[in-house]
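Under the numbering used here, think of the first position of the sequence shown as 1, with each following residue one higher.
Note that these hints are calculated values from the structure, not bench results.
Glycine included, every Cβ here is placed at the ideal spot set by N, Cα and C.
Hints may contain errors.
Unchecked claim - Estimated spans, in silico, between C-beta atoms of each pair:
| id | residue 1 | residue 2 | range |
| --- | --- | --- | --- |
| 1 | Glu64 | His43 | 17 to 25 Å |
| 2 | Thr90 | Lys142 | 15 to 23 Å |
| 3 | Leu154 | Arg2 | 36 to 44 Å |
| 4 | Ala69 | Arg10 | 34 to 42 Å |
| 5 | Glu117 | Gln153 | 18 to 26 Å |
| 6 | Arg37 | Leu173 | 49 to 57 Å |
| 7 | Ser4 | Leu86 | 21 to 29 Å |
| 8 | Glu18 | Tyr41 | 18 to 26 Å |
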Amino acid sequence: MRLSKQDWIREGFSILSEFAQDKIRILYLCKRLKVTRGSFYHHFESIDDYVNCLLQAWQEENTERFIQAAEGGGTAEDKMEALDELVFDTDNAVEAAIRSWSFYSDIVQRHVKKVDEQRIAYLTGVFKQMGASAENAPRIAKLEYATLIGIQQLYPAKFDEEVRQLYTLHTRLMRGMNK
1 MRLSKQDWIR
11 EGFSILSEFA
21 QDKIRILYLC
31 KRLKVTRGSF
41 YHHFESIDDY
51 VNCLLQAWQE
61 ENTERFIQAA
71 EGGGTAEDKM
81 EALDELVFDT
91 DNAVEAAIRS
101 WSFYSDIVQR
111 HVKKVDEQRI
121 AYLTGVFKQM
131 GASAENAPRI
141 AKLEYATLIG
151 IQQLYPAKFD
161 EEVRQLYTLH
171 TRLMRGMNK
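Modelling step: build the complete structure from the supplied sequences, incorporating the hints.
Here it is in structure tokens:
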């Protein structure tokens, strides 16, 4: 069986969704995909190269795609609603696993920091568009983002209706007091 680079990335996300980030290893990946190490090295120079590619794909899928989708909306409120819908429709297990993994992997920690900065910067801009002051917009963005991360850690699966209502209540409170 001939695998593409994307097949390897998908398998990495599958492993992460099982909270088995400690198993992101060449031999384990090969065993799961039923291929030899040569197949891995055909696409990646090393496990570090693989992890970088995996996390770049995560950033593109769960940050850049979200921002791009939100920018397709009209008002700042529309952008936030678009982001909320994307978050509600995402299986948070991969997010939670990556964040957990970052506590013991420098490579992952660097990627998480970069993604966090990108997400917070985007939210800051949207909150400014919603009327938050230049001083408060970054604070509100960090509070909103920290709440999302906390909820993802508590409920690391797709949000059910109760969690969705909890997050919606939070966002209404935060967005109503954004001045």
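How the hints compare with the structure:
Range check, glutamate 64 to histidine 43: Cβ separation about 22 Å, and the 17 to 25 Å hint holds. The beta-carbon spacing between threonine 90 and lysine 142, approximately 20 Å, falls within the hinted interval of 15 to 23 Å. Checked against the hint of 36 to 44 Å, the pair leucine 154 and arginine 2 passes, with Cβ atoms roughly 41 Å apart. Alanine 69 and arginine 10 have their C-beta atoms about 21 Å apart, which leaves the hinted 34 to 42 Å range violated.
Look at glutamate 117 against glutamine 153: about 19 Å separates their beta carbons, and that is inside 18 to 26 Å. The supplied range of 49 to 57 Å is met by arginine 37 and leucine 173, whose beta-carbon atoms lie about 52 Å from each other. At roughly 26 Å, the beta carbons of serine 4 and leucine 86 sit within the given window of 21 to 29 Å. Checked against the hint of 18 to 26 Å, the C-beta distance between glutamate 18 and tyrosine 41 comes to roughly 24 Å, which is consistent with it.
Violated hint for the displayed structure: number 4, the only one.
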